[in-house]
Amino acid sequence: MSEQERIQKQKTERASTEQAVVNVDTAKSDQLKHDLDDLLDEIDEVLEENAEEFVRNYVQKGGE
Amino acid sequence: MQVPKVLGIETEYGIAGGPEKDPILASSIIVNAYALEGRTRINWDFDSESPSSDSRGVLNFTSFAPIVETHLANTVLTNGARLYVDHAHPEYSSPECRTPLEATLFDVAGEEVMLRAMNVSNQSLDPSMRMTLYKNNCDGKGNSYGTHENYLLSRDLEFKEVVAGVVPHFVSRQIIFGAGKVGAETEDGLEVNPAFQISQRAEFFEEVVGLETTLKRPIVNTRDEPHSDAERYRRLHVIIGDANMSQVATFVKLGSTSLLLSLLEAEGARVFPSMPVHPVQTVRSFAIDTSLSHAVLCEDGKKRTAWDFQDELWNLANSFVQRTGAPDVASEDEVSLIMKQWREMLDGVRDNPASVADRVDWVAKLRIIEGLKERYGLHDYDAKLRAVDLQYHDLRKDKSLSKRVGLVELFTSEQVSEAVHNPPRTTRAYFRGQCVTRYPEQIVAANWDSLVFDLGEGPLQRVPMLDPLRGTAELTQDLLEKNPSVSALLKAMNG
Chain R
21 MSEQERIQKQ KTERASTEQA VVNVDTAKSD QLKHDLDDLL DEIDEVLEEN AEEFVRNYVQ
81 KGGE
Chain B
67 MQVPKVLGIE TEYGIAGGPE KDPILASSII VNAYALEGRT RINWDFDSES PSSDSRGVLN
127 FTSFAPIVET HLANTVLTNG ARLYVDHAHP EYSSPECRTP LEATLFDVAG EEVMLRAMNV
187 SNQSLDPSMR MTLYKNNCDG KGNSYGTHEN YLLSRDLEFK EVVAGVVPHF VSRQIIFGAG
247 KVGAETEDGL EVNPAFQISQ RAEFFEEVVG LETTLKRPIV NTRDEPHSDA ERYRRLHVII
307 GDANMSQVAT FVKLGSTSLL LSLLEAEGAR VFPSMPVHPV QTVRSFAIDT SLSHAVLCED
367 GKKRTAWDFQ DELWNLANSF VQRTGAPDVA SEDEVSLIMK QWREMLDGVR DNPASVADRV
427 DWVAKLRIIE GLKERYGLHD YDAKLRAVDL QYHDLRKDKS LSKRVGLVEL FTSEQVSEAV
487 HNPPRTTRAY FRGQCVTRYP EQIVAANWDS LVFDLGEGPL QRVPMLDPLR GTAELTQDLL
547 EKNPSVSALL KAMNG
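Protein chains in written order, with my numbering: chain R, 21 to 84; chain B, 67 to 561.
Derived from the structure by calculation, the hints contain no laboratory data.
Using N, Cα and C, we set each Cβ at its ideal position, and we do this for glycine too.
One should not assume that every hint holds.
Said to hold, decoys possible - Covered by chain R, per the in silico footprint, the following chain B stretches (three or more residues, Cβ under 8 Å): (1) 72 to 82; (2) 210 to 219; (3) 437 to 443; (4) 452 to 460; (5) 468 to 475.
As the list claims (entries may be wrong) - FRET-style restraints, in silico, Cβ to Cβ: (6) B/L363 x R/H54: 40 to 48 Å; (7) B/G522 x R/V79: 42 to 50 Å; (8) B/S190 x R/D50: 43 to 51 Å; (9) R/T46 x B/G334: 43 to 51 Å; (10) R/H54 x B/G334: 44 to 52 Å; (11) R/D64 x B/E224: 50 to 58 Å; (12) R/D58 x B/Q543: 45 to 53 Å.
Next up, chain B with everything else stripped away, as it sits in the complex:
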């Protein structure tokens, strides 16, 4: 069974500065500043969180389950997103979106939320303590933090099918969507010590399949926490991916992955390319090969480069789109834009990287690095080059290098501003965001699949929202407009 590809991105931002150089405190200041500014200081409800549930069914306790920290700053925004402190980073989890383009808009809105939060926070801090946020995934010292994608999948799909279907894409898609980095930082990475890597994250992956996200990171994460009706849905939690500054890269990353997941639901893993024999080594070896010529042995005995995998996957997706139109992913126009851009970027990175330097982050970053090396005769690991690497992801407009390399923007500043404040109309995030906007004083807790209201008398009222496709503008806008008070709204919903 195919289900609509509801999706979203969660991003942990790198943070520098702040009082006492304490990143947890700094992250809390960021989140609280935005919450106070926007009045949306609503508690996150952890009742239905179970990040240790495992998609494989049988829990494998050789690794620790992720720890949920309930005491840290945590809020829900009027656009339906969640803004909170995760470990020692401020994190923006986008609202659930219905299409890749919409999810890209709400990811870009997240950058704007973080930028505003940073600016508001810095106004009240001594200049020596000013904080800076970076939309990246590593610090160059061996520490990594994540950009996770989430996709709604049918529960009918067996997890081993998911693994066989997604591994070829997850090991190879970095050649289009990698954000690039100077040098290496893990023990294994430093042994090879490449001058430049295509992906920020590749060297941090150590397993093929697993529940962990902070240690022994797996290519396929098995966290089985659907935040929806578990009888019908899975949520594929994708932890192998870089934070993109390029909006087109984010869009095509989400689009290509959604299309392949839809195909997987329709036809199973048997139509997908064979897995590499050693997926972990494959991710890492593809990351350090900017020539894109390195081929790996696959289970069918053939050797494939990252480009070969992507070419096969594009052709599979293309034939799926030709046959079905892929309506569970997006409209016809949007799907055709995904396919066109995916093809152009794939051919571009191999044949003429300069032609995609306005869309592919690692290519754009590498051009600055090589330009500087040439002009100033710098060695491969010069601190200036590492500074370029970091500042490519700097959110401050006057310090951000990615803002100066001519990356294509998909949205106007009005559209982004609209998405900072208002939820997507196409999922339950609409109902959540509207309720946060309309009744901030009466919502005592919220999470992905419910809202809890305090009417001032009687018991707290929980409104379950187990289906991500209900609670849309189409289904609830009239109801919200006709019932300006919470009590009237709840009465109308129950009646």
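The shape of chain R in the complex, shown without the other chains:
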């Protein structure tokens, strides 16, 4: 890919990024609500089987 093509490609990618982020409208908010409802419907399939045990066993050493 030539430098020119590369820059062009980056520009196009950036433009599509902007578009994706900026589409804030009611359709989006309905979609988010819909996603959330679906997630709540399926939550038991996604969550680890025994939440209590799972949470208790998640122990980490401090880091950094």
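Guided by the hints, dock chain B onto chain R, whose structure is given.
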């Protein structure tokens, strides 16, 4: 003097499972599996590491300097990143990037690296030992591990200016970039015992300024280890921040911070909002206030909410961008995207959180928590809610909750895959990544500011890379392509 805002993020991942439930062993398996798979098993060179150097100049030995563990698994990737075991966590340190959007891409590439490493490792383990990685910052039991940002700063800037400039941002930015958590876990946090906190990390901060990262964590970390020419540069090592699952949050966190640092270099701390009188209490009290109405007393006698701080900082950054374009941060288009998103997310968290639930992690997480509470009548600290909190950060696609709440993605899977393998073209990470790709057998050691080659005869050859802005594709691609062998490359560079 203003310098280009070269930047990157290092993330320690939470790890569960593994043989004998030993997190150091599990982390080593993760790192080694990826290194073997990718052939990039190159040693990290600790010669120039000095994490106990202190930006304040005079070392304050009331706290222990961080310990560098040299015996743990450690490798350099073809994308210029470092993948290693830090304490008891696998850690991905992104390559040095030139803009916030690029650094976000390489952070997302880090998630993909960890996911691949986890999958490869699990193939060889008994199902009962399978490991899971979490991109989060605490375990709910009082243990925290970090997501650190790094920014290149001019050495001209005095450290007390840095402190005065960054504290207002670091105490308040959590209302946009916090990852959220259920309950509290430190002694002080449990006294208040909030149902939900905006930030994973806030309750772990105990000092305003300091060298520590594991105990008595400071809001401003003074580690003075520039990994570059110390006469010209500082590296601001930011330890107060959450790991974001939202790519937009990562992008705007890096973007807003870069812009404010550039402004600080240009005009000094005097143009910044006054510091809160009690910064540590401020971080913690902002974290437990999901209504965003709590105001704190500042040194100028005024009271400010977290939102007020961010509003003032946005206006300062905006006027700086209008005047200068902030070319040291990113291109005009990228800077304007940072400003636009920062504004929208800031207004959104206060006025209409649902409108930013596709970009703000704590809002997205809180919606799941509240939805579950309402639907099943759960109490504030129900284990199910804590499980949601953890699984929001789960890297496994079928178990990750953050993958199911409609977060905006900034990159295609092709772009992420490209960044898993190839370095950014815009910094010295290009040269490092290219050398690891081209001459894996002949690099005996690498670190941020040098590479060491073994040509098979004669002494080892160290190539210093003290300037993060050299070693770019523009400066070295031709040289690399014209000189397919290391010896020819070194000869051409020395000649």
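Okay, the hints, checked on the actual structure:
no. : hint                       : result
1   : 72 to 82                   : holds (count 4)
2   : 210 to 219                 : holds (count 4)
3   : 437 to 443                 : holds (count 3)
4   : 452 to 460                 : holds (count 5)
5   : 468 to 475                 : holds (count 5)
6   : B/L363 x R/H54: 40 to 48 Å : 44 Å, holds
7   : B/G522 x R/V79: 42 to 50 Å : 47 Å, holds
8   : B/S190 x R/D50: 43 to 51 Å : 45 Å, holds
9   : R/T46 x B/G334: 43 to 51 Å : 44 Å, holds
10  : R/H54 x B/G334: 44 to 52 Å : 49 Å, holds
11  : R/D64 x B/E224: 50 to 58 Å : 56 Å, holds
12  : R/D58 x B/Q543: 45 to 53 Å : 47 Å, holds
This entry satisfies every hint, going by the numbered hints stated previously.
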